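S.K.: Chain residues, written in single-letter form:
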Amino acid sequence: MAELTQYLLNGISQGCLYVLLASGLTILLGIMNVPNFAQGHLYMVAAYLGFYMVMSYSMNYWLALVLATFALGIIGLIVYFLVFYPVRNAPEVNLFVAAMALLMILEGGALYVFGTETKWFLVPWSRTVLSLGSLSLQLQRVIVIAGTTVVMLALWVFIKKTSLGAALEATAQHREGAMLCGIKVSRVSAMAFIIGTALAGIAGVLIGPAVLLEATMGMGPLLVAFSAIIFGGLGSIPGAVVGSLLLGVAESLTSGYISAKYSLAFVFAIMIVTLLFRPKGLFGKEVWRP
Amino acid sequence: MKHIASPHAAGWLLALAVAVLLPLFVGGYLTSILLLIAIYSIVAVSLNLLYGYTGQLSLGHSAFLGIGAYAFTLICVKLHLGFWPAFFGATAISGLFGFLIGIPALKLRGPYFILVTLGFAAIVGVIILAWTGLTGGANGLAGAPRPNPIPLPWGGRLAFDSLLNMYYFTLFFLMVIVFVCRRLVYSLIGRTFVAISHNENLAESLGIDTMRKKLLSFTISATFSGVAGALFASYNTVISPDIAYYARGMDLLSYLIVGGAGTMAGPVIGTFVMMAIPEGLQIVPTLRTLINGVILLVFLIFLPTGIGGGFKTLLPRLGRSSKSGMERNGVA
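In order, the protein sequences belong to chains A and B. Count the first sequence with our numbering and you get residues 746 to 1035, in order. Count the second sequence with our numbering and you get residues 453 to 784, in order.
Isolated chain B, as found in the complex (with noise of 0.2 Å):
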């Protein structure tokens, strides 16, 4: 009882909530846009896993959103399988990427990592620009289905054509994703990700084998952007070499330093935020690089732990400024 009555547990049901019966009330726009904070926030997850607790900063990510969605209408359209084979298909194929790439690039620390990874990112675009005759190049490929509709035990079928269920349906990865995240950050193996994270040869001189594990936490990162490139396929069911634009990887690494590397909440929080004040305030879309390029800059000089890492530390200070409070009273 105790947990559940704890303010986390009571801000991500509240949280929930809001996201269940938010697509109720607004219109079809809006509700598309929510559909897409939804699969970024999968990606500000993965992202946060590798950066925020095991210490690897990833330029790289749009490429594994890229793979997955490419890999997932690949499947799909050449290999004429259904939604599930194509769904686990690509995202197999994005972790396989990332441990690949893990392998060379893991090695590496600092800056020469950033740099692997935005080479990776950048090679992959070029690739899936060129190489016309598997991607189609600029024109993009078509054909992407929605998932088969879900028979229901109580008769009738959950069939996900409409905009509103494939939200739905979206939202329950990301659930599912940041609840697995959340077990794994709080097992023994998550521990030796953040440990890795502080001090990577202290960790190792204990006997973790840093490069295993970091190669761990790349391949699930990297599996979890493949899933949200297979949901992004599926909901468009058009895709272009858009959506391994390096910038977006520059994108995605704001929203998860604006709403708090490091902290469960934040990467879900950061892509809101950051995704939904230009629509709020109807901002062109070719300035959204630029006002996000400025609030992460802002973010970076006055609040560098983002507005996860903002309420850890304002919290606990709040809690005791009340509490010594009632003590005074007490006293009195």
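Next up, chain A with everything else stripped away, as it sits in the complex (with noise of 0.2 Å):
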């Protein structure tokens, strides 16, 4: 039993990871209608870039999360212009291989600049654990599990109750209808880009002292964000946040009883199986049609 609670508590402290990837995911799907596959590898970036911030200029943990997350939302805004606007009125296909194209630049660059060997992104409570009672988690996985809360609840006070936010999820509900409405969809547009990509930024700063750094780290999770958006239903934010948590459960619990080695296989079988057989998801209304 104790194993069993020990695993739910590793699989959402990891399944945070997935909801903060899967909700930036989520506002780029609804704005633009881009699979960005890059997702993770701006994930990785924001990792490394933290790892410089405190480990070569010794820079306070916080401030390097804050100015890490702002210089993402700047990326985004220039991956916006410099990738996907031009190519915003081609077939819907060009926008899939752009990010593609994404993600093989940031990749290379990443193995140029930051090296082919992994990294330990140390921070001073690295070794620092937590225990209560027979449970145990590092304290990185406490402050990743409390940031993703905070940010997750500021997301949504934004969408819900800001006019900027408003404007957000009325250019997802229907882009044509927005534009009537006086809403510069273009603006919008680059603002879910910041948004985004910032979302991907919290992450690498806030899992990247409890994980191994290196080029390809972000794969992995882009691939259990998107299972667990098709899982949860596409478009709606709270069912990208459920079916994160729990394909970050289903996949704690797959590495503690069967193997680590294919946990990532286990989640993507659930993934094809939910297209297969509900490709609306848990909680979507509608499968997305492009």
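Just so you know, the hints here were simulated from the structure itself, not pulled from any lab data. These numbers were taken from a predicted model, which means no experiment stands behind them.
Pairs of lysine-lysine, DSSO-like flavour, derived with a Cα cap of 27 Å:
id : chain 1 : residue 1 : chain 2 : residue 2
1  : A       : K929      : A       : K906
2  : A       : K905      : A       : K929
3  : A       : K1006     : A       : K864
4  : A       : K1025     : A       : K905
5  : B       : K530      : A       : K1006
6  : B       : K559      : A       : K1025
If you want the ones that stay clear, here's a sample from chain A, every Cβ over 10 Å from chain B, calculated:
id : residue
7  : L749
8  : Y802
9  : L808
10 : A816
11 : R872
12 : I890
13 : S908
14 : G910
15 : A912
16 : H919
17 : S931
18 : V956
19 : E959
20 : L998
C-beta: ideal position from N, C-alpha, C; glycine also.
Starting from two chains that each stand alone, build the complex the way the hints lay out.
M.R.: Structural data, given as structure tokens:
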């Protein structure tokens, strides 16, 4: 029983990474209809940025978290204007290929700049482990859970309570309708990119100290986050959150009881089964028909 | 005669002549690059059949390349069979995997299909790394043989120990596969593929069993990629999980799109250009994915139909302008 609870806890803290990635992906999907394959690699870039700020420039961790988030927001804006804006009117498939090109650029650039060897992102509390009864969790993992909760609440307040958030939601619901209401859709799209990549930025610096850093670290989480979106139902952020947490727990249980090597394969099998038997996902209202 | 004299046929013959003669004048290193270009061209051509002509974008072809290479080596090493049984076995296994993955994956459209193929590639990579008992894990597998020597009718044997002969052997398969694809695309089946790529719902309403046709295209494509995998294993004699790395599937797609998806020569031109440029400029291997991504993006923005598509729109225009020029002269 204690073992099971421990796995559930691990799964939730792992699921928080997927929550941050999947909510960013959902925003981009809603606004631009782009499955941003590069989201995981943006998370990797953020983790490295945090690593260099903290380890090489001995910056305060929390300052690094804020700075890296801003940096990723700016990168998101650049990416929007350099990569996605020029192909916005092209056939849909070109958008996927553009996202793929971005992934290749980020991965190749990271391999060149950051090197191929794995790195440890150390913070002062890296070795601190909190325990409660038989349960134990790295302090950094607790920070991940707390940080994700705060970020998701802030995102909810932003979308539901501010006019900018309302414009975002309106554009996601109906692009032409939003235009008719006087919403500047291209500005909203740029904002969506800033928010989406900033979420990846937060994810990178939050999770970075809990994992090993390497140039390909983003691919596995990206696939799981996509699976979570499909599993939870496309287009809804609550669906993405629940799907991410469930898949995080599923991953933790498979690696605990079966084998850690194959956990990605299990998660992906869940996605394929969902697509085949319930393509609208657990909470989705309709199938995404681009 | 008219057919042979067409600019297309002339272009193919010229390219073939260059491909045959070039290795005689360059060193062994460049020949090995040409050999790799030929192998990846095979995958790009097979990807073109699926994406360029049937409209299904797959990021999973690195998996079929890997399955072909590993199946070939395993049949040789574990079952102690010769080159040809292993070659055909590996090709069939690769095709079978394509068929089995295609059944669930092709029910999905657009981004869903792309995601499933990407996931398939990632899973195959994970399994090759994790199943150390079968695949040797990160250490890879050694012992894939070169093709058996072929006895020549006038006595003597054609052996494949030398790099040059292995290159011609690979080039032969590239030619066969390009030829088969060409015949296929211009057949009735190929026309239905193209119809599906234009509008799947419309094709279905015309009575085309789109699922079966897509599955056929996917299986053929996977089979041809398996040929490339087996050839790679035979040439390199050692394989590692590197061959099935998911980013290779993206590199291959970038070759196809830069060369021009949906044109016959596109995948070969694209693979040649994208692999020859970093070689010519002596670019560090780690930078190649970056450069590929940048080139792909530039093409996507400025010439989304690729080099082949660019020629397609440019050539008739040139022809027309020169003809109208002659007409003007005639009138004058």
